[in-house]
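Those protein sequence lines, which keep their order, are chains E and A.
Going by our numbering, the residue at position 238 of the first sequence is 246; the numbering climbs one at a time, nothing skipped.
Going by our numbering, the residue at position 113 of the second sequence is 128; the numbering climbs one at a time, nothing skipped.
Note that these hints are calculated values from the structure, not bench results.
A portion of the hints provided could be inaccurate.
Listed below are the simulated DMTMM-like cross-link pairs for lysine to aspartate or glutamate, each with C-alpha atoms no more than 25 Å apart in a straight line [what the hints assert, rightly or not]:
(1) Lys229/A / Glu267/A
(2) Lys301/E / Asp142/A
(3) Lys168/A / Asp256/A
(4) Lys48/A / Asp199/E
(5) Lys168/A / Glu206/E
(6) Lys175/E / Asp61/E
(7) Lys48/A / Asp81/E
(8) Lys175/E / Glu257/A
(9) Lys168/A / Glu274/E
(10) Lys168/A / Glu45/A
(11) Lys175/E / Asp81/E
(12) Lys175/E / Glu274/E
(13) Lys229/A / Glu257/A
Because the structure is a prediction, the values reported are computed rather than measured.
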Amino acid sequence: MAATTEKVSRYTPQEWRNLRLGLLFISPWALGFLLFTIYPLLSSLYYSLTRYDLLRPPVFLGAKNYLTLFFDDPHFWNVMYNTLFYVGLSVPFGVGAAFIIANMLNSRIVARSFFRSVIYVPSIVPAVASAMVWQFLMNVQYGAINGVLRYFGLPIIPFLSNPGWAKPSLILVAIWAQGAAVVIFLAALQDVPRSLYEAATVDGANLWHRFRNVTVPLTSPIILFNLIMGLIVAFQEFTVPWLLTEGGPMNSTEFYLIHLYRNAFEYLRMGKASALAWILFLIIVAFSLIIFKSSARWVYYGGEK
Amino acid sequence: MTTIASESTTRPVPRHYRDTGNRWQTILLEVVKYAVLVPLTLSFAFPLYWMISSALKVDSQVYTMPPILLPFPIHPENFINGWQILPFTQYAVNSVVFYTVPAVAFTVLSSTIVAYGFSRIRWPGRDTIFWLVVMTMMLPWAVTMVPLFITFKWLGWLDTYRPLVVPALFSHPYIVFLLRQFFMTLPEELSDAARIDGASEFGILFRIILPLTKPALAVVALFRFLWAWNDYLGPLIYLRDENRYPLALGIEQLSRRANDVGNFSNGIPYLMAVSTLVALPIIVTFFFAQRTFIEGISLTGMKG
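Use the sequences and the hints to build the structure in full.
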């Protein structure tokens, strides 16, 4: 008690005033944090230990939902495989492609802002609208892509109707909507001082050396940022696969959030859905931590840290 | 970063060194660059071009092989006919009046106040608590989706826009983050001078800070507009009554109708026409506010 009084009394009246004002200003956030983050997190943890169909009160089951998912639900592992396949390809390829495109746009080039706009726009178009046009484009009978293939006598591609093709097709659509990452990279690249490249050239560095030893280290914090954000988004991809394939064919595109959505809102298994949500949460945290930990080796903070 | 930069600028580059690279290599590189970039850009643009051009076709032009790149004659009446198959005007009103406008207004207002508290007032523990904001930015929305649905159902808010709009009153972490970045760039003396003149913190925020950060407000308003306009999963979870659908759900509804063969002809052109109309406000806004978009998205990657 004495210790707290002593600690509190270290604040001047001015600091007290600021503390009160500061808390007043952030109170909408604080309230929202309690109502829409902390409370849902805790109640979701509770629901994940129950069977709950919204009609009857929740029945406490202990860890049964988790155990069933892990040991007695082959469908869950299929969903996990689909999701990891999707994330594992769409994030590295998406970020990689965005980085390479941004580098090309950053070099001396005519009509840079035109190229940038064309590449950026797909990322802001409503996902429902782009899903409609991709579904049409990738159609086997009257889709434009297969129309061209057929015209040249090439074999058609069953983009969305073949279990082997469906995941890569959705990854393609995801990479098409990667324009925001390109713009973020381009902004970071334009912050790299020209003089560094000139100095490297003087020291005899060729294009690859400059890319490897100047461009990559100086933009590595942004690569890290895009990787983590891409990961969080890709693990929770819903709209485009839901509209294009609805999880099919043969469950090959039943991704994590589609599975979660079905359990919660079609089968009304709120308990199982909450358990699924917590597992996803832990997976995303684990992946982010691994990337963060590894970033100590490859992210360069310009001597600021 | 700055130290490296200034170090190297003190070392002038002798002119003749710049041309040491092989001339042919440079030319080859230029050729390769455009040879990659031009087809790439074309393929990025193609789906949206296909959406618009197919919106101007009739069935016979859609199902012709090889595909028709430039439709002739064009059928602009598809935009009107497609729009009228379902109550799209109602959907548009729902999207704008019940979702986009309140979501943008609430988010920008609340996030401005919160961001001010996290940047322009110095109080003990501020930066520690701000870490919580950053953490919530990375929280998967899937985790809170189910319990929030249960809460909103309990409140009797299903089939209304309240679950999508009311949380906006409590600020958005990402937008707080962006606005805080902007507010931090303004000099501290600005606030100090006003405080000496006896201005309240709210007075400083609304009379001094906000007029100086109008571009920032435009950026965050734009993003919030985009999220609300494009949102599909939120309305899908909370809205059942078709009369309350936003445009995103309306498009899906139209595609289901168009896929039931025999319902009506020109299903695909109508679907593409309505999709174009729904994407249009976004594309038009982008071309008018291109700099705002690019600046905003660039700031996203900025480290706090």
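Against the structure, the hints:
{"no.": "1", "hint": "Lys229/A / Glu267/A", "result": "violated, 36 Å"}
{"no.": "2", "hint": "Lys301/E / Asp142/A", "result": "holds, 23 Å"}
{"no.": "3", "hint": "Lys168/A / Asp256/A", "result": "holds, 15 Å"}
{"no.": "4", "hint": "Lys48/A / Asp199/E", "result": "holds, 21 Å"}
{"no.": "5", "hint": "Lys168/A / Glu206/E", "result": "violated, 62 Å"}
{"no.": "6", "hint": "Lys175/E / Asp61/E", "result": "violated, 32 Å"}
{"no.": "7", "hint": "Lys48/A / Asp81/E", "result": "violated, 49 Å"}
{"no.": "8", "hint": "Lys175/E / Glu257/A", "result": "violated, 31 Å"}
{"no.": "9", "hint": "Lys168/A / Glu274/E", "result": "holds, 15 Å"}
{"no.": "10", "hint": "Lys168/A / Glu45/A", "result": "violated, 59 Å"}
{"no.": "11", "hint": "Lys175/E / Asp81/E", "result": "holds, 22 Å"}
{"no.": "12", "hint": "Lys175/E / Glu274/E", "result": "holds, 23 Å"}
{"no.": "13", "hint": "Lys229/A / Glu257/A", "result": "violated, 38 Å"}
Of the numbered hints stated above, those contradicted by the structure are hints 1, 5, 6, 7, 8, 10 and 13, listed in ascending order.
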